[in-house]
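Visitor: First to last, the sequence lines map onto chains A and E. Counting in this note's numbering, the first sequence runs from 1 upward without gaps. Counting in this note's numbering, the second sequence runs from 1 upward without gaps.
It should be emphasised that the hints constitute simulated quantities derived from the structure, not laboratory data. Certain hints may be false.
In silico BS3-like cross-links for lysine-lysine, where the CA-CA straight-line distance does not exceed 27 Å [to be verified]: (1) Lys277(E) - Lys4(A); (2) Lys206(A) - Lys89(A); (3) Lys240(E) - Lys135(E); (4) Lys206(E) - Lys104(E); (5) Lys216(A) - Lys79(A); (6) Lys240(E) - Lys32(E); (7) Lys4(A) - Lys358(E); (8) Lys332(E) - Lys86(A); (9) Lys401(E) - Lys104(E); (10) Lys79(A) - Lys332(E); (11) Lys85(A) - Lys332(E); (12) Lys86(A) - Lys38(A); (13) Lys206(E) - Lys277(E); (14) Lys57(E) - Lys135(E); (15) Lys332(E) - Lys89(A); (16) Lys67(E) - Lys240(E); (17) Lys86(A) - Lys160(A); (18) Lys4(A) - Lys32(E); (19) Lys99(E) - Lys57(E); (20) Lys332(E) - Lys158(A); (21) Lys280(E) - Lys4(A); (22) Lys332(E) - Lys206(A); (23) Lys206(A) - Lys216(A); (24) Lys38(A) - Lys332(E); (25) Lys232(E) - Lys4(A); (26) Lys57(E) - Lys104(E); (27) Lys202(E) - Lys214(E); (28) Lys240(E) - Lys41(E); (29) Lys160(A) - Lys332(E); (30) Lys332(E) - Lys216(A); (31) Lys158(A) - Lys85(A).
All values reported here derive from a predicted model rather than from experimental measurement.
Each chain is listed here by its residues.
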Amino acid sequence: MQRKIFVVAAALTAALLVFGFVLGMTFDSMRVAELENKLTETDILWNDARIQNIYYQLPLDSGKLCGSLLEGNLEFNNKIYEDGKKIEKYEQVNRFSSSLILEKKKYALLQMQFWINSIALRKMCNTSYSTIVYFYSFNDESATVRQRLESEALSELKQKCGNGIMLIPLPIDIGLSSVNIIKSQYNITETPSILVNETTLLSGLKTLNDLEATVKC
Amino acid sequence: MNPIVDILYVAFAAFSIYFTMMFFLLFLANRKAIHRTPPLKRLPSVTVIIPVFNEEKNIVGTIRAVKKMVYPKNLLEIIVVNDGSSDGTSEAAGAEGVKVLDKKNGGKASAFNLGLVHAGGEIVACVDADSYPEKGALMNAVPFFEEDGVAAVTTSIFVKGTDTFLQRLQRIEYILIVWARKLLEYLDAVYVTPGPLSLYRKDILKSVGGFDEKNMTEDIEIAWRLMSRGYKVRMSLASKVFTNCPATLKKFWRQRIRWNIGGIQTSLKYMGTFLRKDFKSLGMFVLPFFMTSFVFSLIGLGLFLYIVSSSLLNFVAFAGGAYYVGINPIGKFELAVLPDAFTFFGLLVFLLSIIWIKISLGVMKTSLRSVGLVELLFFLSLYITVFPFILMQSIWIFLTKKKYAW
Chain A
1 MQRKIFVVAA
11 ALTAALLVFG
21 FVLGMTFDSM
31 RVAELENKLT
41 ETDILWNDAR
51 IQNIYYQLPL
61 DSGKLCGSLL
71 EGNLEFNNKI
81 YEDGKKIEKY
91 EQVNRFSSSL
101 ILEKKKYALL
111 QMQFWINSIA
121 LRKMCNTSYS
131 TIVYFYSFND
141 ESATVRQRLE
151 SEALSELKQK
161 CGNGIMLIPL
171 PIDIGLSSVN
181 IIKSQYNITE
191 TPSILVNETT
201 LLSGLKTLND
211 LEATVKC
Chain E
1 MNPIVDILYV
11 AFAAFSIYFT
21 MMFFLLFLAN
31 RKAIHRTPPL
41 KRLPSVTVII
51 PVFNEEKNIV
61 GTIRAVKKMV
71 YPKNLLEIIV
81 VNDGSSDGTS
91 EAAGAEGVKV
101 LDKKNGGKAS
111 AFNLGLVHAG
121 GEIVACVDAD
131 SYPEKGALMN
141 AVPFFEEDGV
151 AAVTTSIFVK
161 GTDTFLQRLQ
171 RIEYILIVWA
181 RKLLEYLDAV
191 YVTPGPLSLY
201 RKDILKSVGG
211 FDEKNMTEDI
221 EIAWRLMSRG
231 YKVRMSLASK
241 VFTNCPATLK
251 KFWRQRIRWN
261 IGGIQTSLKY
271 MGTFLRKDFK
281 SLGMFVLPFF
291 MTSFVFSLIG
301 LGLFLYIVSS
311 SLLNFVAFAG
321 GAYYVGINPI
331 GKFELAVLPD
341 AFTFFGLLVF
351 LLSIIWIKIS
361 LGVMKTSLRS
371 VGLVELLFFL
381 SLYITVFPFI
391 LMQSIWIFLT
401 KKKYAW
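One chain only, chain A, in its complex shape (with noise of 0.2 Å):
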């Protein structure tokens, strides 16, 4: 028997493995650094407009300066949800890096801090805008299918308000405090769930035709 073959065969097959895993997390990798110069970008955004309300809260005549500031608010909303997307578009294939989950942490604390921001402009300015906050599972697989259902619902209802609602995804359980405080102040046990304006919370999946008649847009 030409025993070489099987050895050398084995060889081939392990260097063309360890190959395939390498490239799969030089990939991974290159993924995670892409959404780690978005975050970065949304983040200096972020602080901007920050710095804009911190500017803005000192005894100026605050009134005329609402437009930009609200403006501000609304570009750093359609860029966080964008970012949103492509993160758990990467999701569904990083497999060997953990890094992503360090990115959905970031991600998730600009969100929150987007909707305090949210809050407070709606009171400084006096503006009708509904902030929308879907809680949602990261590690839930049998939620998986509702809560595409649920992204997709709220994505229409985002279409047909457009400025009138602010938009803010939240992961409930990647092990963050400042969400953890949030979920057992309004007692959310199940995903999805939604809270409309800071009062009414939707539990389980709901239909658009629920979100329609909840949020006023």
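Since the structure of chain A is already known, use the hints to place chain E on it.
Guide: The following block gives chain E in isolation, referenced to the frame of chain A:
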């Protein structure tokens, strides 16, 4: 995907890559010798045995093809063994001037064994009644017996009629099998001596007891038995024989179930040789190769069913849920194919298969055009996907001891 599915996927890919690599290396190491026929020193006498059952339409063509083979007439004997046919097979064969032995129906192996008792040749050749050897088939096969320890020589089997699409797919498969079998010869691992045309040293065949009449694939069993006794089986690429293959899916399915059950019977019969060095290639390669092929076929089927069914379930759940939620599901299904290790492995296995087929066709002097691109794509996708399903049914039939006729 869950981690168990991931692990099975990688194991399946590793198995496919390993054996493809092994065949590539065998080819590279032996490419100059593939078409070589050993020099002929002496012409032995040959008895061609044609076991036949209800083949009135084909038997005359087969006998005439055998008679046309280039071989000294005084050294060539033809015996047709009529295995209890109810049509005019016996008369049709008799009219061709060959020896006809009639017996009660007992299966191909028993018919061949009867022919073996009456054979006068030093070499006995088995030819199926629906197969047509080329003129040079015998002359190109006989020299392989010059090597010490060779008990059997098998030949290149090709599909005769390609009227139906299914037959054209089988044509590709047969070409690949011929080449793979030749490469396995270099590992002393030719694991089958197929019925359309295989030759045996009569004294050795008699000494090991002839064909196993209880086995569904006596041509696999006899090759394993010869190997288990330390004999070699060789493959003559230049000896060509054309055989009828099933034209309909029903007949094809039935044939493959028989092959699988025979394979299982034979594997179990020789389980005692598993990884035993004293049984050389049979224990160290052929049986482990068969066993892992069975296991990985089932793993492949499981992965295929899991991926398809979970995708389908998600699709149905999403579509139904979209109706409930009040959104339009059209355009919402994302096919996210992003590069990762798993897509790399899938693409690699596919690419290696394409290269393997391309080289096979080149070696067998068959063009891609003559095979047909549509047929090739079907072969690589649907055709090979069907085999694990057939294997599952075969295992079920085997385990439930359902009666299954030849």
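Visitor: Enumerate the violated hints, using their earlier numbering and listing them in ascending order.
Guide: none
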